[in-house]
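*Asks:* Turn these sequences into a full structure, and let the hints steer you where they fit.
Going down the list, the sequences are from chains A and B. Start counting the first sequence at 1; every next residue gets the next number (full-length UniProt numbering). Start counting the second sequence at 1; every next residue gets the next number (full-length UniProt numbering).
Any given hint could turn out to be false.
[What the hints assert, rightly or not] In the DSS-like style, the derived pairs of lysine-lysine whose C-alpha atoms are separated by at most 30 angstroms in a straight line are:
#, chain 1, residue 1, chain 2, residue 2
1, A, Lys358, A, Lys901
2, B, Lys135, A, Lys901
3, A, Lys132, B, Lys264
4, B, Lys236, A, Lys921
5, B, Lys264, A, Lys921
6, B, Lys235, A, Lys901
[To be verified] Ranges between beta-carbon positions, derived for each pair:
#, chain 1, residue 1, chain 2, residue 2, range
7, B, Gln188, A, Ile154, 49 to 55 angstroms
8, A, Val129, B, Leu204, 26 to 32 angstroms
9, A, Ser646, B, Pro24, 42 to 48 angstroms
10, A, His865, B, Ala35, 19 to 25 angstroms
11, B, Asn130, A, Ile318, 52 to 58 angstroms
12, A, Arg898, B, Thr121, 23 to 29 angstroms
13, B, Cys21, A, Ile154, 41 to 47 angstroms
14, B, Cys21, A, Ile318, 23 to 29 angstroms
15, A, Leu864, B, Gln188, 58 to 64 angstroms
Keep in mind that the hints were calculated from the coordinates and are not lab data. From the three backbone atoms N, C-alpha and C, an ideal C-beta is built for every residue, glycine too.
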Amino acid sequence: MSRKTLEIYSVELDGTKDTKQTDQEDDKKYNDLDLKKSHQKEELKRELDLDDHKLTSEELEQKYGTNIITGLSSARAAEHLARDGPNTLSPPKQTPEIIKFLKQMVGGFSILLWIGAVLCWIAYGIQYVNDKSASLDSVYLGVVLALVVILTGIFAYYQEAKSTNIMASFSKMIPQEALVIRDSEKKVIPAEQLVVGDIVEIKGGDQIPADIRLLSSQGCKVDNSSLTGESEPQPRSAEFTHENPLETKNIGFYSTTCLEGTATGVVINTGDRTVIGRIASLASGVGSEKTPIATEIEHFVHIVAGVAVSVGLLFFIIAVSLKYQVLDSIIFLIGIIVANVPEGLLATVTVTLSLTAKRMAKKNCLVKNLEAVETLGSTSIICSDKTGTLTQNRMAVAHLWFDNQIFMADTSENQLNQAFDQSSGTWASLSKIIALCNRAEFRPGQENIPIMKKVVVGDASETALLKFSEVILGDVMEIRKRNRKVAEIPFNSTNKFQLSIHETEDPEDKHFLVVMKGAPERILERCSTIMINGQEQPLGKSNATAFHTAYMELGGLGERVLGFCHLYLPEDEFPESYPFDVDAMNFPTSNLCFVGLLSMIDPPRSTVPDAVAKCRSAGIKVIMVTGDHPITAKAVAKSVGVISASSETVEDIARRCSIAVEQVNKRDARAAVVTGMELKDMAPEQLDEILANYSEIVFARTSPQQKLIIVEGCQRQDAVVAVTGDGVNDSPALKKADIGIAMGIAGSDAAKNAADMVLLDDNFASIVTGVEEGRLIFDNLKKTIAYTLTKNIAELCPFLIYIIVGLPLPIGTITLLFIDLGTDIIPSIALAYEKAESDIMNRKPRHKKKDRLVNHQLAIYSYLHIGLMQALGAFLVYFTVYAQQGFWPTSLINLRVRWEKDELNDVEDSYGQEWTRYQRKYLEWTGYTAFFVGIMVQQIADLIIRKTRRNSIFQQGLFRNKVIWVGIASQIIIALILSYGLGSVTALSFTMLR
Amino acid sequence: MAALQEKKSCSQRMEEFQHYCWNPDTGQMLGRTPARWVWISLYYVAFYVVMTGLFALCIYVLMQTIDPYTPDYQDQLKSPGVTLRPDVYGDRGLDISYNVSDNSSWVGLVHTLHSFLAGYTPASQRGSINCSSEKYFFQESFGAPNHTKFSCKFTVDMLQNCSGLADPNFGFEEGKPCFIIKMNRIVQFLPSNSTAPRVDCAFLDEPHRDARTLQVEYYPPNGTFSLHYFPYYGKKAQPHYSNPLVAAKLLNVPQNEEVVIVCKILADHVTFDNPHDPYEGKVEFKLRIQK
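*Replies:* In structure tokens:
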């Protein structure tokens, strides 16, 4: 499946060259592709032969019946809208509600119960044919069983529908708008109303609302990274530059972002027919793999159903061979099945999962698929993006170098704690340059917003510098006002510097100040002096060496380094009225005074190092996958702990020991940085080896396509893999992963559709919270199941003993249902509220094949230990009730036949008293009630036992989970109502207990 | 997840299973080494022995708390059930039909009565004493031999015409059959305050065609259960106790027609209006006598 996704997807994106190969390969492997899929693929190829980019404006006008100046008429647009539908990605194909509902009706244990119900009715039918006065008991039982199935089905369906709704409401949160020309007027309309032929205008910051063919463009650049993985901004213009529609410059794709400039274009495709729409719908067409918890529950259902059916059949045969009537034996069979099947459990599991999903949503993890809640807990490898997930997705000043010293700046989210030494005269000069030589400005009207949250107009580094100086110096705008700018040369890639000339703030001082920043080596070239401790000194060799050392060191940290210098122009040569001309450069741009270096980085989120450490102690491998340069990637990896402080890569060892990389024993290195280029040439076995041998891995310079390869590699290690992603290109990896995590802020809709979970705050730490919740739910489900399974033995034994020893029936089938669906439901849900045990994040992730939800230890402990004790306890209660009423335990053995004979109205008890049939029946019901209460009371004790798996009950705290006590109270109240409130309803067979 | 869904071939599965049954590398049989199997079996044997012991102890303690003479609770036996002999059951309750002229149709019924009354021969009542007080026979102490209490004799001759002594056919062949009515025993039950409980048989309420009342001869006279048979002190205290009986000889049963007859016990503490229990304080039966 996954290979296919990759292939389809490379058809889309990589043009034709790579694809043919993959195609052939895959066709060999998957020549049994189902028709529909291949049809879709064909359609896709054909439609991708767009020729709109080759057409002229006139041809386009003709083709789409539009006018470039006046746009479509409203009527025409409405017509198109009716024809093509709204411009939205259709959500992934949903199973029809009724099918979902029916699935709930026949899934799991339901089918067993249906069989039970039908058997009941058949049994009654046969009885009725033989004897018109047959008792209606089995009809009641059948009806109750059917009701149970239907009610739990409805309940599970409702729960699922509710959780689906959360997701649906989320995706509708961000309405998009588009500026469109219609009827010669510019209008803002919701993007979903766009139609083919509309003329739209886009500007920097907009998301392109549909696939458009550009007609005109002013410096328009788009970010196609979500589509192609290229992180560089792509220029767009109206010219046709390439045969391949994906390569040509005059097409803008739906959902990509326009970074700067403006453009006008005609809409050529909308909704699902856009390139992205087609990728998205194909990616979502790929069937999701079964979640681990679904497998676990299936496994559990199989075990229990297997036990139920085999015990049932075994005793059916025993009963028949003990000369019981076949009809009676069928009733026994039903009783045994009902006793064995935990009717309420699946509903409980659903509730438990949705409770956790809600709790996770509060912690910014939105879970689309309920079962994914647990998957996250079994995660053993997280492949995380760097930008925005591990880092803050913005530049911040990390280090400064002046006075021959490196200073560290605060890169945390609020940067309030800038603790480096600011007393030096050099810093005064440097800070002035930073503040002045900067074109970024705060957008007005943000006075009350904290500095770090203010919106800035300008690029990332300038923003960082502006905020940095604003934090330290105060109002930068005011400083700039006082130091009026007289001339400016903006940064360009040939100069690699930025320069501005200012008046000084001292009105007496008529000097002009030239400030300059740029690539450090370029800046240094233009300097002849350097400022140390506020004094200008000639730039000697030692200073130059110091500069280079600092530059290398900061660069080695993966930081973007800028150099700063200034020069006070002599007053006589440059009087106040001097006409500065930036084109003629009539002022000195060399022999300046070098002031300092400053380096910036996209700083890690402050919560991430902790989260990564938590992952590590929880046995989860964190792999960083990024498109960044290896050095930057490694630096960030080190700072967040993806590569821990003590580990080295092969290259590090080589450098430390001054030997060649090849000579290093690869086993010595724990960390590895693998680039996309290396990955490209790697055989799967090599990748496996890397994944297996290194505990700390960073993939740098990778394309989103390679993410899929990495995920597959991890899965070959039998790992449960979580993958984060935001681009459309990530969606196959998200699908392929055991749990795909899309970014809520940066993520594209396609990624969110493909993912199982959406991180609302894009923060890696939220994943770790999710992991904790996931593990908790696994533990708690285990507790719930153990709790529920325990009573099965206590419910089953009565039937076995009844058949073999011939006691009057200790508990009726309907009464059993009252335990399973009445008293036990709330307590088992209450276990979902149990707090995490102390070691939850300190143990290895569960092995998906070895650590089952229901393993034989759990089953044996529940069935053969606790369950047996429970059965004995309940029997004790039963014997007590009979003995106190006159039937001593010994007299009960083999009493069954006489007991149940309608004709016998004078059955003698141990005291010689004689009982009519009804009196015996009433006593039997009292026995049921007693047995019921016996199990119920023991289940309370069981509940308290099950509160903990590893901790002692006192460590866990008896009263920390209040819901447990609500559960216990509910148990008691339900039991009281049943035995004292409903005594008169004979079908329920409850009587009052003394 | 793909790994979990790998399809294994049958031979692979068999091999795995074989490996599970006997693992030559570790010497494991069915997942455990023989030594471990012994230990675990010992553990379970010990565990279950202890559990069984505990259970037995509990039952023993329970039996210690139980009074051997009187049950702890009698809330479910407030009113005694009533049974009828001969007892032939049909689809719904007692259903007796026979043909006067066909011996074989009633010989079985008569036989039932004879064998039922076998327990009331003077020989089998030897352990009991003669009573004639017509009052409750309270016994505080265990006056009878073997630490028991006395029981009153009820011998078959008290049923006179329906004793089967004079008429071994109990009136069946002449269409005036005898039915024997027995009241269930309840420990320490006192049926009424002063008067002896009496049997009263009648057609069931459905309006009878000729509105005749059923004529019945009761034995002992008046159809009473003498008070000296009460209270019953239980099997242990009164091992020889036999229930007192009342025989009802129905004199005017319409022939070739199904009639429903109800025999009630009239006493202060016997109720016969429990809707759930048709045999509490009364007994109904269908009767059809063919000619």
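*Asks:* Confirm or reject each hint.
*Replies:* Here is how each hint holds up against the structure:
1. Lys358(A) to Lys901(A): Distance of about 55 angstroms is beyond 30 angstroms: violated.
2. Lys135(B) to Lys901(A): 36 angstroms, violated
3. Lys132(A) to Lys264(B): Holds, at about 28 angstroms.
4. Lys236(B) to Lys921(A): 25 angstroms, holds
5. Lys264(B) to Lys921(A): 22 angstroms, holds
6. Lys235(B) to Lys901(A): 23 angstroms, holds
7. Gln188(B) to Ile154(A): 49 to 55 angstroms: This hint holds: roughly 54 angstroms between Cβ atoms.
8. Val129(A) to Leu204(B): 26 to 32 angstroms: Given range 26 to 32 angstroms: holds, Cβ gap about 29 angstroms.
9. Ser646(A) to Pro24(B): 42 to 48 angstroms: Holds, since Ser646(A) and Pro24(B) (Cβ atoms, about 43 angstroms apart) stay within the stated range.
10. His865(A) to Ala35(B): 19 to 25 angstroms: With Cβ atoms ~22 angstroms apart, the hint holds.
11. Asn130(B) to Ile318(A): 52 to 58 angstroms: Cβ of Asn130(B) to Cβ of Ile318(A): about 53 angstroms, so the range 52 to 58 angstroms holds.
12. Arg898(A) to Thr121(B): 23 to 29 angstroms: 25 angstroms, holds
13. Cys21(B) to Ile154(A): 41 to 47 angstroms: 45 angstroms, holds
14. Cys21(B) to Ile318(A): 23 to 29 angstroms: 27 angstroms, holds
15. Leu864(A) to Gln188(B): 58 to 64 angstroms: At roughly 45 angstroms between Cβ atoms, Gln188(B) and Leu864(A) fall outside 58 to 64 angstroms, so the hint is violated.
The structure is inconsistent with the numbered hints 1, 2, 15, although it conforms to all the rest.
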